[in-house]
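Asker: In case you want the letters, here they are:
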Amino acid sequence: MNATEQRFAQWVDEFSHELYGYALGLCHTRHQAEDLVQKTYLRAWRSIDQPHEPETARAWLYGILRREHARLHPRQRPECRDPTHPPEIPAPGRDTRPEAHPLLRQALAALAVEYREPLLLQVIGGFRYDEIGDLLGVSSSVVMTRLYRARQRLRRILAPEPARVNEQ
Amino acid sequence: MNCLEFRRTLLEDPGCKTPPFLEHAQQCPVCQREYDRAQGFEASLRDALRVEPPPDLAQRILDAQHARTPASPAPRGRKAWAVSGAIAATLALAVGIAMLRPGGSEPPADGLEANVLHHVQDELPHLHEVQEVSPQQLAKLIESLGGRLKQPLQQVNFAGKCQMRRYPGAHLVLVGRKGPVTVLIMPGERIASLRHFSSQRFEGELVPTDYGSFAVIGEKGEDTASIAATVSRDIAWSG
Chain A
1 MNATEQRFAQ WVDEFSHELY GYALGLCHTR HQAEDLVQKT YLRAWRSIDQ PHEPETARAW
61 LYGILRREHA RLHPRQRPEC RDPTHPPEIP APGRDTRPEA HPLLRQALAA LAVEYREPLL
121 LQVIGGFRYD EIGDLLGVSS SVVMTRLYRA RQRLRRILAP EPARVNEQ
Chain B
1001 MNCLEFRRTL LEDPGCKTPP FLEHAQQCPV CQREYDRAQG FEASLRDALR VEPPPDLAQR
1061 ILDAQHARTP ASPAPRGRKA WAVSGAIAAT LALAVGIAML RPGGSEPPAD GLEANVLHHV
1121 QDELPHLHEV QEVSPQQLAK LIESLGGRLK QPLQQVNFAG KCQMRRYPGA HLVLVGRKGP
1181 VTVLIMPGER IASLRHFSSQ RFEGELVPTD YGSFAVIGEK GEDTASIAAT VSRDIAWSG
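Heads up: the sequence lines are chains A and B, in that order. Residue numbering for the first sequence follows my numbering, starting at 1 and increasing by one per position. Residue numbering for the second sequence follows my numbering, starting at 1001 and increasing by one per position.
Read the hints as simulated data drawn from the structure, not as lab findings. Note that CB positions come from ideal geometry on N, CA and C, so glycine has one too. Hints may be right or wrong, so weigh each one.
Short derived list, chain A residues pointing at chain B, Cβ under 10 Å [said to hold, decoys possible]: (1) SER16; (2) TYR20; (3) ALA33; (4) TRP45; (5) LEU120; (6) VAL138.
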């Protein structure tokens, strides 16, 4: 295995886990998520001669995955999905019991993608506002607004009682 | 930082570590409670989003990389690209000829075999799916393409529509003797006669039909001819 192949294998080892989580959050079903992650890495391999610092490779892979998803999304046909299987977002996690976080999972699945996506990038990817903005092609302030609304909506679904604010 | 600013930041970035944010949390009991509640919510969110990929996913990625790429990545620069493009074209031609060995003769000019093999390679995850497709689901899929399922195919683990070159078709994965077997139903893809083809890993049959053709692709040594006979028998076409 040469140095480039070693670098690629290291990226697979380090990032395929979280990329799968991100893919699952975007496309809802496990087989689509697996497909998306595999296509992401194949595209990455084709461009692996481009210079990438270790710290930017991760964001680069997220960007590829996001573009692949956007490219594949119009081709997704509802009839391809098994109608007896509801969306799997975000499918089996560390706690794979069906009853684990069911409301939260449903609430996440119900979020509009413009709110869900920055949330996935922040929670799964740990990206900063500016990094999320770069990936989504929006400003940091837009990212902040979307994150605010995403959590607000999730909490509203899960805990309808709004907390009162006593301004100091 | 006042309470409203604190609450806004808490929803934007609950992990915020800036001094004004943390100081406000310490000084305001109401916001401190809200902060604690938010941390609990974030823990649940992280837990719900923490997913385990299939154990073999990383290996499948590496296998695909080894299978699909030349020994070294392409060199950079216009001239280098031109050179590498010429090399790649030559390699592709050589690999294509090597991959397609229909009974020792030259590969047919329409390249359907190569498309079929690429399609299977592109959709490798489907080989490992176990959806237990019902006869009703399969019948509906075949009907949507203008066909009719005369009797249920046995052990169908995946069924979905797909695009084969210019025409919509169906992608099925059945259980064969040596592992998963892909069946691609390809209305509109007309061929003159039965063809056998193989690659390093797969071998298969292209079968002419009234509506176009279908392909059966399995691991080397699979009894694809027998499965092709079953598909011919069980699927009829009206269009």
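Asker: Now look at each hint and say whether the structure bears it out.
Answerer: Taking the hints in turn, this is what the structure says about them:
1. SER16: holds (5 Å)
2. TYR20: Given a least distance of 4 Å, the restraint on A:TYR20 holds.
3. ALA33: It holds, given that the least Cβ distance between A:ALA33 and chain B is near 8 Å, below 10 Å.
4. TRP45: Where the cut-off is 10 Å and the nearest Cβ of chain B is about 5 Å from A:TRP45, the hint holds.
5. LEU120: This interface hint holds because 7 Å falls under the 10 Å limit.
6. VAL138: Violated - the Cβ of A:VAL138 stays beyond 10 Å from chain B, reaching only about 14 Å at its closest.
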